[in-house]
Structures are given as structure tokens and as C-alpha cells.
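Chemist: Sequence:
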Amino acid sequence: MNNDIIGFEALPDHIRMNIRDGIALQRDGDAWIRYRVALVEPDGDSWHVVDDDCVDHWIDADNPLLDPDAPLPEPVGRDPKPGDLIRLTRRDDPAITDITRYKGLPDGPYDGWDTTDGPYLTLEWTLDGVIEE
Numbered sequence: 001m002n003n004d005i006i007g008f009e010a011l012p013d014h015i016r017m018n019i020r021d022g023i024a025l026q027r028d029g030d031a032w033i034r035y036r037v038a039l040v041e042p043d044g045d046s047w048h049v050v051d052d053d054c055v056d057h058w059i060d061a062d063n064p065l066l067d068p069d070a071p072l073p074e075p076v077g078r079d080p081k082p083g084d085l086i087r088l089t090r091r092d093d094p095a096i097t098d099i100t101r102y103k104g105l106p107d108g109p110y111d112g113w114d115t116t117d118g119p120y121l122t123l124e125w126t127l128d129g130v131i132e133e
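Going by the working numbering, 14 is the number at position 14 of the sequence shown; the sequence numbering is gapless.
Simulated from the structure, these hints should not be mistaken for laboratory data.
A portion of the hints provided could be inaccurate.
Stated by the list, open to error - In silico EDC-like cross-links for lysine to aspartate or glutamate, where the CA-CA straight-line distance does not exceed 20 Å:
#1 LYS103 <-> GLU132
#2 LYS81 <-> ASP128
#3 LYS81 <-> ASP30
Nothing here was measured: the structure is a model prediction, and the numbers come from that model.
Taking the hints into account, I'd like the entire structure generated from these sequences.
Modeler: Put into C-alpha cells, the structure is as follows:
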């Protein structure tokens, strides 16, 4: 899977070793993001990454990659309240998991969860539960 990543061969070893089977894990504050890497390219002192959903990420000293096999915090089964951390898993690819801060229901006629990282729709994501801090 790593051979399918555009630019993978140019990555330094310390970054390359934290992409396994095309999957990377990053932590940004209290958010966790596990995603499939599609493209990487140098960007000054950091690396610009595009995932398979065309979302941009940056790898640098403040946002390093973690071991992609690291266990994520386990959720508890209750309905989220604004301000809670929630864990979501992508329906079509259970290896992809996000932990983000819940803001409420999305605007408009959509089912899902509005978060500090944008909306997550029930057509694409499953709510695993709330992460207790």
C-alpha cells in the first residue's frame, strides 16, 4: 500500500516508518486523525500530505506522525453533548478513525455531527461514542 503513495520514496525514514499499509495517525491538540495517505510533498520545513478524501494535513515538529497501530482512546456509549470529544469511524473503511470535538447537529437537512473539524455525515461515518477526558 505504501507504494501507491505519490512521493512516498522522498520521505525521510523517521516519517516513512510511521506510515503502515498506507495509513498514518496524527494528533493535533485533543484531536486524533487516522487516515489513508495518497500524496506527500515537501513544504519548507514540513511535509504536505493529502489523504484519500482530498483533505490536507501537514507533518512537522508540532504535528508528527505517530505509530499508526497505537490504540486510540476508547469511547463510552452515550449521546454527545456540545464540547465532548467524540470518536467516529468511516463506514467504508473501518481503519479510518477521527476523534474530534462535538459542536452539535449539522446545519441543513443532514444527519450527522458538526465538529470543530467540520461536519461528519451519517452516510459516511459511524459514531463510536464519547471519549471521556
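Chemist: Looking back at the numbered hints, which does the structure fail to meet, lowest number first?
Modeler: Structure breaks no hint.
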